[in-house]
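S.K.: Those protein sequences? They're chains X and Z, same order as listed. Residue numbering for the first sequence follows this note's numbering, starting at 1 and increasing by one per position. Residue numbering for the second sequence follows this note's numbering, starting at 1001 and increasing by one per position.
Derived by calculation from the structure, the hints in this document are not laboratory data. By construction, the Cβ of each residue, glycine as well, lies at the ideal position given by its N, Cα and C atoms. Heads up, a few of these hints could be off.
[What the hints assert, rightly or not] Computed cross-link-like contacts, SDA-like style, restricted to lysine to any residue with a CA-CA straight-line distance of at most 25 Å:
{"#": "1", "chain 1": "Z", "residue 1": "Lys1109", "chain 2": "X", "residue 2": "Asn60"}
{"#": "2", "chain 1": "Z", "residue 1": "Lys1109", "chain 2": "X", "residue 2": "Ala218"}
{"#": "3", "chain 1": "Z", "residue 1": "Lys1191", "chain 2": "Z", "residue 2": "Ala1242"}
{"#": "4", "chain 1": "X", "residue 1": "Lys191", "chain 2": "X", "residue 2": "Glu149"}
{"#": "5", "chain 1": "Z", "residue 1": "Lys1191", "chain 2": "Z", "residue 2": "Pro1175"}
{"#": "6", "chain 1": "X", "residue 1": "Lys109", "chain 2": "Z", "residue 2": "Asp1061"}
{"#": "7", "chain 1": "Z", "residue 1": "Lys1191", "chain 2": "Z", "residue 2": "Glu1146"}
{"#": "8", "chain 1": "Z", "residue 1": "Lys1109", "chain 2": "Z", "residue 2": "Leu1013"}
{"#": "9", "chain 1": "Z", "residue 1": "Lys1109", "chain 2": "X", "residue 2": "Val66"}
{"#": "10", "chain 1": "X", "residue 1": "Lys109", "chain 2": "Z", "residue 2": "Lys1109"}
{"#": "11", "chain 1": "X", "residue 1": "Lys109", "chain 2": "Z", "residue 2": "Pro1175"}
{"#": "12", "chain 1": "Z", "residue 1": "Lys1109", "chain 2": "X", "residue 2": "Ser49"}
[To be verified] Here are the simulated distance ranges between beta carbons:
{"#": "13", "chain 1": "X", "residue 1": "Glu260", "chain 2": "Z", "residue 2": "Ser1116", "range": "26 to 34 Å"}
{"#": "14", "chain 1": "Z", "residue 1": "Arg1314", "chain 2": "X", "residue 2": "Thr52", "range": "44 to 52 Å"}
{"#": "15", "chain 1": "Z", "residue 1": "Thr1347", "chain 2": "X", "residue 2": "Thr52", "range": "27 to 35 Å"}
{"#": "16", "chain 1": "Z", "residue 1": "Pro1364", "chain 2": "X", "residue 2": "Arg72", "range": "27 to 35 Å"}
[To be verified] Stretch-level coverage of chain X by chain Z, calculated; a stretch enters the list once three of its residues show a Cβ under 8 Å from a Cβ in chain Z:
{"#": "17", "segment": "30 to 38"}
{"#": "18", "segment": "62 to 69"}
{"#": "19", "segment": "338 to 345"}
Number of protein chains: 2
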Amino acid sequence: MTALLPEGLRDRLPPHADAAAAIEARVLAAVGLHGYERVDPPLAEYAESLATRLKDGGLNDAVRFVDPVSQRTLAVRPDLTAQVARIAATRMAHHPRPVRLSYAGSILKLRGGQLSPARELRQIGAELIGLDSVAAAREVVTVAVEALEAAGVSGVSIDFTLPDLVDALAAGAMPVAAEQLASLRERLDAKDAGSVAQIAPAYLPLVEAAGPFDQALARLRAFDTAGVLASRLDGLAEIARAVDGRVALTLDPTERHGFEYQTWLGFSLFARGAGAEVGRGGTYTIVHEGGAEEAATGFSLYGDRLASEPAPERRRLFLPLGTPATDAARMRAHGWVTVAALDAGDTCAAQLCTHRYADGDAQPV
Amino acid sequence: MTALLPEGLRDRLPPHADAAAAIEARVLAAVGLHGYERVDPPLAEYAESLATRLKDGGLNDAVRFVDPVSQRTLAVRPDLTAQVARIAATRMAHHPRPVRLSYAGSILKLRGGQLSPARELRQIGAELIGLDSVAAAREVVTVAVEALEAAGVSGVSIDFTLPDLVDALAAGAMPVAAEQLASLRERLDAKDAGSVAQIAPAYLPLVEAAGPFDQALARLRAFDTAGVLASRLDGLAEIARAVDGRVALTLDPTERHGFEYQTWLGFSLFARGAGAEVGRGGTYTIVHEGGAEEAATGFSLYGDRLASEPAPERRRLFLPLGTPATDAARMRAHGWVTVAALDAGDTCAAQLCTHRYADGDAQPV
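Extracted from the complex, chain X is given alone in its bound form (with noise of 0.2 Å):
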């Protein structure tokens, strides 16, 4: 027999359905308490539109067809972040700045990628939309956890980096030869000492500085001997101090892979027992029509990684055959989850209820 579902999709069954639907209900709501509203872009647009707004090669990625309307390509989301994007810089343009937009989604790609097979994600974010300062760098990191509390989420840890500092470094104090810049950020990324020595050896105290944040921070303020960095870093370890306490931290200030459109300052989530990151975030930039650019923070969760825990357990009551549809309705209005007999075959057991209805009242079973 073949198999029913084709590599990485699958079915999300009872009860864990509907307890991936209550955690992202969760997530979303936590993220409105913070002025995030929501928006819904449609499954599917012009994969011209949505090139324009994804990380190079994003579209290779994604489920392409013609259109027979339009006859034009349309391209399945591959990820909801340019959507939003689109939406902020078109329909939303005339908007006071700064806007906070939230969303949760599906998401499907044609391939899965290394480390994880799943080819169609749940994604569940926010972004903040015409600002990517310190400020709002604090509130979005701060939302993101409040997100995973809500979530249920336990042992998280934030991984900080700095997707364009050595860029940065290289075009001012550290100069770099331009042919040799990719792949110095590439070894660095790697943590290949051998190779930044080779390629650029001042930047070979960067190789140490990833770590536990504190310490990771205090030596990348001893590698600034020139003070080039120190606004920079002040800025990161004021965002950080927001949520220090309730998460972990961690700092790996060169750290590139999956941060090639972040700006500044990227963050990955962890959660303990999760394979994989459970989310990620940063500073990035939006185009207009038109060629403006926007600067914008936000945070993507991935909603299938967030449901660690078990299910909780299932409180059903069942009515037997004649249970008086007004004595159902009142239950249901106490709360109850009530499973009618249908047949006189049917069983409490059978509908794996907790709970029989009789003498008016639930009795246990």
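Place chain Z on chain X using the hints.
M.R.: Chain Z alone, transformed into the frame defined by chain X:
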């Protein structure tokens, strides 16, 4: 400037997207109170597997693509009930019957319908797998009505139909030549009395047996002089009685359009003010691996058509620059949506705030 989005695909913006999500959550909660537990099938699956569970031609409307992993054709779902049927027939095949399942998800169609150009719809529903009895239909119709009530939909009406009525009569008490059956069904559906009189004059009374439920039922009973429909009509009356007084009821016994795969009962759900039907349901048959058939009853609502009410007014609390984080957290804990100033230029008005935090409390503005 070209249109931002393809025809039939749209963005839902604040505050409507939040309102639609809230309505969907209330619908699922109402359904859940009757013991329906959520399943969440993937956005895409093997086209062949979906096609065998969709009505004829259903997959013509689906976005299809070749899966680079399996080299087989996948389809983005144009309908969720076929996926729920697959789950019931495979992964939940051994679960005691009846199985009560609910779902909510986006569906995508290559083309819009004649009446509605929408190509993405939010489908929310419940399926009772294993039964298509009067008791099953009574429960499903009741749950549909309660789901619409929970959604805040007003002026609900249900139009019942008996999809296989003509087939049943033609095969028994009122024979019709096999080659004329299809056109008789079609002419009856079109209320074309002239043609019906030509094809099979005995069926003419059925053209008139459509309208307000009690009146149409009485005409059907008068038509059924031989009593071959008696048990079917008694069942229908019992189903209607369960929701009579809560919603308006009509009966169009020979309506077939859109009920090609329903068995003895179908129903459409309408709401005052909604341009198109807000949902539909009925009894149908699930095909298991190996060909065994199983009865089922269910309904689907179209989420986008439920939100006819204006979205609730926003209540947002502006936090001036420098508001302590603990004060902000306290106001959120009291249920306030807080919108923090992140910049000296941020204003309460620009952030659509109704209140401002001052003197330790929310002050209306």
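S.K.: Are there three or more residues in the segment 338 to 345 of chain X whose C-beta lies closer than 8 Å to some C-beta of chain Z?
M.R.: Holds: 5 residues of the segment 338 to 345 of chain X have a Cβ under 8 Å from chain Z.
S.K.: With the threshold set at 25 Å, check whether the alpha-carbon distance from Z/Lys1109 to Z/Leu1013 stays at or below it.
M.R.: holds (22 Å)
S.K.: Hint check: Z/Lys1109 vs X/Asn60, CA-CA at most 25 Å. Holds or violated?
M.R.: With Cα atoms ~22 Å apart, Z/Lys1109 and X/Asn60 stay inside 25 Å; holds.
S.K.: CA of X/Lys191 to CA of X/Glu149, is that 25 Å or under?
M.R.: violated (32 Å)
S.K.: Under the criterion that the straight-line Cα-Cα distance not exceed 25 Å, is the pair Z/Lys1191, Z/Ala1242 satisfied?
M.R.: violated (29 Å)
S.K.: A range of 27 to 35 Å was offered for this pair. Does it hold for the Cβ distance of Z/Thr1347 and X/Thr52?
M.R.: Distance hint for Z/Thr1347, X/Thr52 holds at roughly 32 Å.
S.K.: Is Z/Lys1191 within 25 Å of Z/Glu1146, Cα to Cα?
M.R.: Violated: Z/Lys1191 and Z/Glu1146 sit about 32 Å apart, past 25 Å.
S.K.: Using the beta carbons of Z/Arg1314 and X/Thr52, state whether their distance is inside 44 to 52 Å or not.
M.R.: violated (32 Å)
S.K.: How does the Cβ-Cβ distance of Z/Pro1364 and X/Arg72 compare with 27 to 35 Å: does it lie in that range?
M.R.: violated (49 Å)
S.K.: Does Z/Pro1175 sit within 25 Å of Z/Lys1191, going by the straight-line distance between their CA atoms?
M.R.: Holds - the C-alpha atoms of Z/Pro1175 and Z/Lys1191 are around 20 Å apart, at most 25 Å.
S.K.: Given the hinted pair Z/Lys1109 and X/Ser49, is their Cα-Cα distance within 25 Å?
M.R.: Between Z/Lys1109 and X/Ser49 the Cα gap is close to 20 Å, so the pair holds against 25 Å.
S.K.: For the pair supplied as a hint, X/Lys109 and Z/Asp1061, is the alpha-carbon distance within the 25 Å limit?
M.R.: Holds - the C-alpha atoms of Z/Asp1061 and X/Lys109 are around 21 Å apart, at most 25 Å.
Hint check: violations occur at hints 2, 3, 4, 7, 11, 13, 14, 16; the rest are consistent with the structure.
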